[in-house]
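When the letters of the sequence shown are read in order and numbered with the working numbering, they come out as residues 20 to 360.
Worth flagging that the hints you see were computed from the coordinates, not collected in a lab.
A hint or two may mislead.
Label pairs and their computed distance ranges (CB to CB) [said to hold, decoys possible]:
1. 295 <-> 90: 43 to 53 Å
2. 145 <-> 270: 44 to 54 Å
3. 84 <-> 292: 23 to 33 Å
Backbone N, C-alpha and C fix where the C-beta goes; we use that ideal spot for every residue, glycine too.
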Amino acid sequence: MTTQNKTHLQQPVTSFAQLRDFLAAGARPREQWGVGAEMEKLVIDAETGEAASYQRIEALLEGLVGSRDWKPIREQGRLIGLQGQDSSVTLEPGGQLELSGALCPDLYCCRKDFCRYLDDILHAARPLGLLFLGLGVQPFTSLQNIDWLPKSRYAIMRAYMEQTGDMGQNMMKQSAGLQVNLDFADEADCIDKLQVTQLLAPLFYALFANSPLLEGQPSGFLSTRGEIWARTDPDRSGLIPGLFAEGADLGCYVDYALDVPMYFIVRQGQLIDMTRERFTFRRYWAEGFAGFRATLGDWDQHLSTLFPEVRLRPQIELRSADSLPPGLTLSVAALAKGLLY
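Given these sequences and hints, build the entire structure.
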């Protein structure tokens with residue numbers, strides 16, 4: 020649910036204030052506040068319960084093309100997502116299906132959007148013998164038996180994950196979550212909400228824990244997804260301590276993001292891998308990379324590759340809840356909205 024105007028993304032980065040202002044531009048007057056939900060589902064074979072192959076998930080997306088104005092998103096000829104007028108369907112690295120819903124003024128709108136989406140995917144999945152699980156982790160299929168989505172972004176991330184924690188690829192291929200996007204009025208309101216939601220993250224894990232199994236066995240955790248994230252990449256996941264500093268402001272989030280190593284930049288539609296050495300955005304801004312200089316578009320892209328429990332991009336995104344069954348899906352948004360609005 021990013022509402023940032025992105026018409027100036029080609030501008031070069033020239034100052035710290037410019038990066039801070041990019042985040043501050045997400046502020047909206049209270050009467051325009053909305054709520055957005057991003058919902059991930061595991062796609063499985065209806066007979067075996069095992070993770071569906073990419074080929075079958077691609078066929079599912081093909082069946083959705085044209086319904087409710089969905090337009091195909093392809094990379095190197097392969098279908099990897101759908102774009103609607105005000106929402107999108109994308110695939111996570113292991114074929115998890117994600118709906119990024121429309122910006123809604125209330126939860127009734129969110130429910131209507133989600134129910135239409137659920138009707139669409141169930142109708143397309145039935146003849147293919149596919150079902151959807153609202154669980155935080157794929158409960159049965161082993162990591163090695165889940166197909167990788169043929170997307171260049173994920174190929175770069177896959178290799179990089181081997182250099183960080185020991186469960187990065189589990190996060191990519193086996194996990195599924197629910198994210199809630201909320202607005203803020205100004206910088207002070209943003210910092211208040213970032214602090215409160217970080218403190219609430221353990222509570223959200225506990226309330227919405229829904230992943231006790233991993234590869235057919237009890238994992239010892241009610242939220243295996245939470246344990247996976249804790250062992251993925253300490254540079255870009257977890258909490259952001261700097262936001263609790265006395266006098267914290269948006270500059271604290273900028274400092275955090277500047278010091279996270281980058282995955283890639285995009286030029287002329289091609290991804291340029293930056294993971295062969297620890298190349299933070301701060302270093303990229305100072306030195307450049309492969310003859311390229313930092314732009315606001317690079318900053319926006321980099322912000323999308325950070326995975327803290329609460330993310331700013333530039334709306335506030337809560338990321339701690341496991342995926343849930345349809346009847347409980349909007350409970351996360353309801354709780355977050357009730358606490359923060």
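Assessment of proposed distance window 23 to 33 Å (beta carbons of residue 84, residue 292)
31 Å, holds
Taking the Cβ atom of residue 145 and the Cβ atom of residue 270, is their distance within the range 44 to 54 Å?
Roughly 51 Å apart at Cβ, these two residues keep to the hinted range, so it holds.
Range first: 43 to 53 Å. Now tell me if the beta carbons of residue 295 and residue 90 are that far apart.
35 Å, violated
Checked against the numbered hints listed earlier, the structure breaks hint 1 alone; every other hint is satisfied.
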